[in-house]
Amino acid sequence: MPEVHVSGLHKKFGDVTVLDNINFTIKEGEFFTLLGPSGCGKSTTLNSIAGLETPTSGSITVGGVPFVDTEKKLYMPTEERNLGMVFQSYALWPHMTVEQNLVMPLAIRKVSKEEKASRIHEALDTVGLAHLKDRFPHQLSGGQQQRVALARALVYSPSVLLLDEPLSNLDAKLREQSRAWLKRLQVELGITTVYVTHDQDEALSLSDRIAVMFEGKMTQIGTPAEIYEKPATAAVAAFVGSCNFFTGALEQISGGTAHVRLDNTGLVVKVASTLDLKPGDAVTVAVRPERLRITPSANAAGANVLETTVLTRSYVGSRYEYGLKLGSNVVQVVSPDGNLDGGVRLVFEPEDALLYAGASVPSAEAQELMTVAA
Amino acid sequence: MTITRTESATQRPAVRSTLPAPKYPRVFGAGRGRIVQYGVFILLALFVLAPIVPILYQSFRDRPLYEAGGLLTPGNYTRLFTDAGFGQVILNTAIFAVGTTVLTLVIAIPMAVLVVRTKLPFGRLLGLSMQWPFFISTLILGFGWITLYGPAGFISVQVRQFLGFLPWNLYSLGGMAVTEAVGLAPIAYVFCANALRQSDASLESAARVCGAGPLRILFKVVVPMLRPPIVYSSILVFSMSLETLSVPLLYGTPVRIEVFSTFLYTNGLQSIQPDYGILGAASTLILAVTIGTVAIQAKVLKNAQRFISVRGKATRPRLLDLGKFKWVAAAAIVIYIVFGALLPILGLVFRSFTMIFTPLANPFNTLTLSNYDRVFTFPVYVQSITNSVVVAAVGAVLVSILALLAVLVARRSPFKFARSVEYLALIPQAMPGIIVGIGFFWVFALMPGGGLVQGTLVAVIIAFGLRSLPTAFGSIAPAIMQIGRELDDAARTSGADWFGTFFRILRTLLKPAFVGALILVFVTMMKEYSAALFLSSANTGVIGTTMLDLWVQGNTGSVAALATIQIAITAVFVAVANMFMKGHSDA
Numbered sequence: 001m002p003e004v005h006v007s008g009l010h011k012k013f014g015d016v017t018v019l020d021n022i023n024f025t026i027k028e029g030e031f032f033t034l035l036g037p038s039g040c041g042k043s044t045t046l047n048s049i050a051g052l053e054t055p056t057s058g059s060i061t062v063g064g065v066p067f068v069d070t071e072k073k074l075y076m077p078t079e080e081r082n083l084g085m086v087f088q089s090y091a092l093w094p095h096m097t098v099e100q101n102l103v104m105p106l107a108i109r110k111v112s113k114e115e116k117a118s119r120i121h122e123a124l125d126t127v128g129l130a131h132l133k134d135r136f137p138h139q140l141s142g143g144q145q146q147r148v149a150l151a152r153a154l155v156y157s158p159s160v161l162l163l164d165e166p167l168s169n170l171d172a173k174l175r176e177q178s179r180a181w182l183k184r185l186q187v188e189l190g191i192t193t194v195y196v197t198h199d200q201d202e203a204l205s206l207s208d209r210i211a212v213m214f215e216g217k218m219t220q221i222g223t224p225a226e227i228y229e230k231p232a233t234a235a236v237a238a239f240v241g242s243c244n245f246f247t248g249a250l251e252q253i254s255g256g257t258a259h260v261r262l263d264n265t266g267l268v269v270k271v272a273s274t275l276d277l278k279p280g281d282a283v284t285v286a287v288r289p290e291r292l293r294i295t296p297s298a299n300a301a302g303a304n305v306l307e308t309t310v311l312t313r314s315y316v317g318s319r320y321e322y323g324l325k326l327g328s329n330v331v332q333v334v335s336p337d338g339n340l341d342g343g344v345r346l347v348f349e350p351e352d353a354l355l356y357a358g359a360s361v362p363s364a365e366a367q368e369l370m371t372v373a374a
Numbered sequence: 001m002t003i004t005r006t007e008s009a010t011q012r013p014a015v016r017s018t019l020p021a022p023k024y025p026r027v028f029g030a031g032r033g034r035i036v037q038y039g040v041f042i043l044l045a046l047f048v049l050a051p052i053v054p055i056l057y058q059s060f061r062d063r064p065l066y067e068a069g070g071l072l073t074p075g076n077y078t079r080l081f082t083d084a085g086f087g088q089v090i091l092n093t094a095i096f097a098v099g100t101t102v103l104t105l106v107i108a109i110p111m112a113v114l115v116v117r118t119k120l121p122f123g124r125l126l127g128l129s130m131q132w133p134f135f136i137s138t139l140i141l142g143f144g145w146i147t148l149y150g151p152a153g154f155i156s157v158q159v160r161q162f163l164g165f166l167p168w169n170l171y172s173l174g175g176m177a178v179t180e181a182v183g184l185a186p187i188a189y190v191f192c193a194n195a196l197r198q199s200d201a202s203l204e205s206a207a208r209v210c211g212a213g214p215l216r217i218l219f220k221v222v223v224p225m226l227r228p229p230i231v232y233s234s235i236l237v238f239s240m241s242l243e244t245l246s247v248p249l250l251y252g253t254p255v256r257i258e259v260f261s262t263f264l265y266t267n268g269l270q271s272i273q274p275d276y277g278i279l280g281a282a283s284t285l286i287l288a289v290t291i292g293t294v295a296i297q298a299k300v301l302k303n304a305q306r307f308i309s310v311r312g313k314a315t316r317p318r319l320l321d322l323g324k325f326k327w328v329a330a331a332a333i334v335i336y337i338v339f340g341a342l343l344p345i346l347g348l349v350f351r352s353f354t355m356i357f358t359p360l361a362n363p364f365n366t367l368t369l370s371n372y373d374r375v376f377t378f379p380v381y382v383q384s385i386t387n388s389v390v391v392a393a394v395g396a397v398l399v400s401i402l403a404l405l406a407v408l409v410a411r412r413s414p415f416k417f418a419r420s421v422e423y424l425a426l427i428p429q430a431m432p433g434i435i436v437g438i439g440f441f442w443v444f445a446l447m448p449g450g451g452l453v454q455g456t457l458v459a460v461i462i463a464f465g466l467r468s469l470p471t472a473f474g475s476i477a478p479a480i481m482q483i484g485r486e487l488d489d490a491a492r493t494s495g496a497d498w499f500g501t502f503f504r505i506l507r508t509l510l511k512p513a514f515v516g517a518l519i520l521v522f523v524t525m526m527k528e529y530s531a532a533l534f535l536s537s538a539n540t541g542v543i544g545t546t547m548l549d550l551w552v553q554g555n556t557g558s559v560a561a562l563a564t565i566q567i568a569i570t571a572v573f574v575a576v577a578n579m580f581m582k583g584h585s586d587a
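So the sequences go chain by chain: A and B. Numbering of the first sequence is given in my numbering, commencing with residue 1 and proceeding in unit increments. Numbering of the second sequence is given in my numbering, commencing with residue 1 and proceeding in unit increments.
Read the hints as simulated data drawn from the structure, not as lab findings. Bear in mind that the values here come from a model prediction, so they are computed numbers and not experimental data. Errors might be hidden in some of the hints.
[Claimed, not checked] Using 25 Å as the maximum straight-line C-alpha spacing, the simulated PhoX-like pairs for lysine-lysine come out as follows:
#1 B:K23 / A:K113
#2 B:K119 / B:K324
#3 A:K12 / B:K299
Please put together the full structure from these sequences, using the hints given.
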């Protein structure tokens, strides 16, 4: 199971840069996810590995074999790369039965009849569909089609498995179960896997490591925990999980704690930070809803205590989501307590919040929706 | 989701060894896919440019191409504009083309809207009948119209008897435009109808929810959405009426009204000493105009595809109910079909079985087979029928294969010149048949070894093939767009190269489109004749050229007989082909 090296990958369509200096290395047997909003370049990156897109510059090496090296003018065509790929639409050949779909890659590789049969049986068995080998794709459910596509990608034991949003066409419930199943399968097979998705839940639960991409740039690479706990930018924080953002100005910074005067209320909050900033700099404070505590009592203890009022309360199953009014901002908070109303206090510790340089709210539209009359 | 596994799975062996990736041979670093792509590109370039180059060259030469020692000069162009009466020709052509385009749209748009979007009595039947004039060549349609509506036509005579005068004159630019419009309306109809079928039904539902009535929906939502197909089909019809020969030749010759195509015909074929310089210059100008219109069309289509959105989940909305007006609408369509196409064709068929065809004498008293006798007693005439069938059959296969390859290269390959391949395949649409004929005539005359081809059926097949290439390309291209690109990508990642992807995956999926193209090209080539006017020798005429010969001789009965035979061949072929298609799509 080989390593995947991608370095200095650029892709331009005319004047538009879709990939801007992408670098990463995927370890053997790793489940690596490219995560980002649509149009961020994650599929282009995957297609470059597959050879379905030609990068403008850069190099890709898999298991020591150079696939692309624009400096050496080296380009290996898709069909010689020996990769397995599952497409968003599954791309099962509609005029062939499940078995015929699986025979094709083996026939190209001139595999003996006996080995064909045993490999196909094994691959279909792995995805639990051996009994459906004579069906045509249109006679299968979406979930079954997806598993056949996976079997077709695995039947010739490719070096790397590429998955392009394979779960996005399934309904919500099936998607969750398929996700768990896919994880078990990948662990069992130990195959190096590159997964593309825009669904942060999928990325967090499936991956060994995640690369978050925005507008053709790779913003952060890390384990799911690193991505969620220590997002490198406000954009990552906003994209992975939900997050409250407050803009403000730095009052002072010392000993790993920053004092920030919030624009919405003029109050000062303390946030843990090691950023190199000067007093007066514009900053953004980000806090995840589950890191905020709400308490009705007037004498709440904590490093940061903010006076707010409850705007909305919604029951979402295991917990309550509150919308609180803080100045002109709406703050999202999650709490197990369903009886809060009127004036409440919002409490959080400096370590619960993240600080980013600049007044960088990730999406103007989202921020607009989170604003009320002061 | 329960995962059932057989027993063996529980003690599955360790992960299998990786199979080696397939290796493909290279020639000078190019795989076989690349070689095919370049091959198609070069073949198309030669095919399309061959007839254009000698025309361009001749237009600047002071003497015929075959005479040595010529000088390059713009003299031909100055002569064309000063003394050849070309100004009047341009004016006539413009009037004819604009008139045809407007009339075509006037017929096609309302009918498309009525048939596709409203409750119409016998709507399906009317929709199908709307399209069948396409299968009849405009030459035959022209004969049919003359038989009925010409100065001595069957209906004209009766109207004159009744009113004391004839309120129309078929032998005029107006008459030409009406006939041509009837023949071209199915093309515009198909464009509009397809766009209407594909348009998102929820837009209409939204208008309905807002409280709009059927008529308001029609004029505020449905018709405005038709703008792209209207623009596209009007340019197409415009360029087709610029190059058409049949109707202007039949109607214009007796009254000396000349348009582009008839100007070339009279100057190139009918004059005893053709002025090749003038011919070249005129051809060049006409080519410039027609290629210009097709270029605009390509640009419009590129943008139009953004507007026409195909949505997989579009639900059929309820058809709009026009109340009593629907009977008026149905009647209008019936009138178009009956008087525009059905009666003229029936009249022509009937004419082929009579001695004289006039309301003044009961035609049933002069029933005869002598018209057919005359056709079948002259071997040359019989030969022209078999020639037509051979040309259409062989040509259909060759052109469809070339078009299929061109579509694959243009739409489904990383080929550098993919766009150029598409343009090359579509340019012949802008090349008037008569110019293609002149061009290839010169090519075969000048090319070493061209003498072997000159005057043979091979020459005819090449010229007709070029003319019908865009038709074949246009009928296969949409089919390939419906096949998701991921199917190719999946084959590529599985180890098939570009060529293998076609042979293993696309070949089967494209079979219906390919058969469709075969049928269409066969029909198109059966109708074609103008390119053969220059290229055929005595033994290699086709039905169309023979009909023109007989028409000039005044043998209208035999013309009608040949027309009937051509219609019969086309009808039988289309019927058999459709049956074959049906049998296959069920499997």
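Outcome of the hint check:
1. B:K23 / A:K113: 20 Å, holds
2. B:K119 / B:K324: OK: K119 (chain B) and K324 (chain B) at ~11 Å, within 25 Å.
3. A:K12 / B:K299: 24 Å, holds
Violated hints: none; the structure is consistent with every hint.
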